[in-house]
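With the hints as extra help, turn the sequences into a complete structure.
Chain by chain, the residues run as shown.
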Amino acid sequence: AQKVTQAQTEISVVEKEDVTLDCVYETRDTTYYLFWYKQPPSGELVFLIRRNSFDEQNEISGRYSWNFQKSTSSFNFTITASQVVDSAVYFCALRVYYGGSQGNLIFGKGTKLSVKP
Amino acid sequence: AAGVIQSPRHLIKEKRETATLKCYPIPRHDTVYWYQQGPGQDPQFLISFYEKMQSDKGSIPDRFSAQQFSDYHSELNMSSLELGDSALYFCASSARTSGGPLSYEQYFGPGTRLTVT
Numbered sequence: 002a003q004k005v006t007q008a009q010t011e012i013s014v015v016e017k018e019d020v021t022l023d024c025v026y027e028t029r030d031t032t033y034y035l036f037w038y039k040q041p042p043s044g045e046l047v048f049l050i051r052r053n054s055f056d057e058q059n060e061i062s063g064r065y066s067w068n069f070q071k072s073t074s075s076f077n078f079t080i081t082a083s084q085v086v087d088s089a090v091y092f093c094a095l096r097v098y099y100g101g102s103q104g105n106l107i108f109g110k111g112t113k114l115s116v117k118p
Numbered sequence: 002a003a004g005v006i007q008s009p010r011h012l013i014k015e016k017r018e019t020a021t022l023k024c025y026p027i028p029r030h031d032t033v034y035w036y037q038q039g040p041g042q043d044p045q046f047l048i049s050f051y052e053k054m055q056s057d058k059g060s061i062p063d064r065f066s067a068q069q070f071s072d073y074h075s076e077l078n079m080s081s082l083e084l085g086d087s088a089l090y091f092c093a094s095s096a097r098t099s100g101g102p103l104s105y106e107q108y109f110g111p112g113t114r115l116t117v118t
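Note that the protein sequences, when read in sequence, are chains Y and S.
Numbering-wise (the working numbering), the first sequence opens with residue 2 and increments by one.
Numbering-wise (the working numbering), the second sequence opens with residue 2 and increments by one.
Treat the hints with care, as some may be off.
Stated by the list, open to error - Straight-line alpha carbon distances no greater than 27 Å define the calculated DSSO-like cross-link-like pairs of lysine-lysine that follow: (1) Lys4(Y) x Lys58(S); (2) Lys110(Y) x Lys4(Y); (3) Lys58(S) x Lys39(Y); (4) Lys4(Y) x Lys117(Y); (5) Lys39(Y) x Lys17(Y); (6) Lys39(Y) x Lys23(S); (7) Lys53(S) x Lys16(S); (8) Lys58(S) x Lys110(Y); (9) Lys113(Y) x Lys4(Y); (10) Lys110(Y) x Lys71(Y); (11) Lys117(Y) x Lys39(Y); (12) Lys71(Y) x Lys4(Y).
Said to hold, decoys possible - From the derived model, a few chain Y residues whose C-beta atoms are all more than 10 Å from chain S: (13) Lys17; (14) Ser72; (15) Ser74; (16) Ser75; (17) Ala89; (18) Asn105; (19) Leu106; (20) Gly109; (21) Gly111.
Stated by the list, open to error - Computed far set for chain S versus chain Y, every beta-carbon distance over 12 Å: (22) Ser8; (23) Glu15; (24) Glu18; (25) Thr19; (26) Thr21; (27) Arg29; (28) Thr32; (29) Lys58; (30) Pro62; (31) Phe70; (32) Asn78; (33) Leu89; (34) Ser95; (35) Glu106; (36) Pro111.
Source of the hints: derived by calculation from the structure; they are not laboratory data.
Beta carbons: idealized from backbone N, C-alpha and C, even for Gly.
Here it is as structure tokens:
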């Protein structure tokens with residue numbers, strides 16, 4: 002079975018603090034993809050990053066960075082110097098490839114991040 | 002760049018009524034997914050279509066049906082609406098990489114907010 006766990010339901014930080022959102026996944030498949038999406042209060046789902054199971058390189062994009070570790074089945078997301086505009090619900094998602102399937106996304110429960118000025 | 006279009010954006014229906022949600026994928030995208038997100042919940046996969054054929058089925062109630070048309074747009078039909086059907090319904094589209102694994106993002110539309118009273 003495939004599963005995504007985001008243990009942090011809500012996080013509250015003050016602007017300029019760094020914050021890490023945790024994501025742990027479960028799958029028996031060797032080929033899979035991990036994603037992070039942001040959902041601001043307006044409701045749309047904004048794609049942030051995709052990682053495939055063969056690429057464990059960490060990635061940095063501006064204030065965002067991602068740490069993918071297969072050994073611990075984790076794909077954590079760090080926001081450096083948080084800003085009020087980062088306030089949103091962040092979802093980690095897993096996509097498994099298997100023959101004939103189009104690979105729907107399995108989402109975690111989400112982490113609500115509140116950044117206060 | 003063109004994005005996924007969903008209509009209507011908001012819909013209010015009464016119990017036992019029917020509703021039809023429409024999704025227009027990004028041009029040249031051949032796969033469409035439908036997700037349902039209840040209040041405070043993570044998106045749940047309902048159903049997907051690839052090249053106008055149903056591909057995968059998730060937790061879609063029997064009261065719901067969907068199809069993908071020759072122009073690749075998709076419609077989600079919901080009958081005998083219940084209060085619990087009130088949710089944000091997302092459509093996502095993607096383009097299958099020929100000959101390779103599913104290494105591509107799902108691009109989400111803005112969602113249709115359905116309220117059943």
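For Leu106(Y), is the shortest beta carbon distance to chain S beyond 10 Å? With a cut-off of 10 Å, Leu106(Y) comes too close to chain S, as the shortest Cβ separation is near 6 Å.
Verify that the Cβ of Thr19(S) lies farther than 12 Å from every Cβ atom of chain Y, and report whether the claim holds or is violated. At roughly 24 Å from the nearest Cβ of chain Y, Thr19(S) sits farther out than 12 Å, so the non-interface label holds.
Should the label of Ser74(Y) as a non-interface residue stand, given a Cβ cut-off of 10 Å to chain S? holds, 18 Å
Least C-beta distance from Leu89(S) to chain Y larger than 12 Å: Violated: least Cβ distance 6 Å, not greater than 12 Å.
Check the non-interface label on Ala89(Y): least C-beta distance to chain S beyond 10 Å or not. holds, 14 Å
Take a quick look at Glu15(S) and tell me if its Cβ sits farther than 12 Å from every Cβ on chain Y, holds or violated. holds, 23 Å
Are the Cα atoms of Lys117(Y) and Lys39(Y) separated by 27 Å or less? holds, 18 Å
When you look at the beta carbon of Ser72(Y), is every beta carbon of chain S farther off than 10 Å? holds, 22 Å
Non-interface label on Arg29(S), tested against every C-beta of chain Y at 12 Å: For Arg29(S), whose nearest Cβ neighbour in chain Y is about 16 Å away, the distance exceeds 12 Å, so it holds.
May I ask you to check that Thr32(S) keeps its beta-carbon over 12 Å from the closest beta-carbon of chain Y? violated, 5 Å
Verdict on Gly109(Y) as a residue remote from chain S, using beta-carbon distances over 10 Å: With a cut-off of 10 Å, Gly109(Y) comes too close to chain S, as the shortest Cβ separation is near 6 Å.
When you look at the beta carbon of Lys17(Y), is every beta carbon of chain S farther off than 10 Å? Non-interface label stands for Lys17(Y): nearest chain S Cβ at 28 Å, farther than 10 Å.
Going through the hint list in order, the structure does not satisfy hints 4, 7, 18, 19, 20, 21, 28, 29, 33, 34, 35 and 36.
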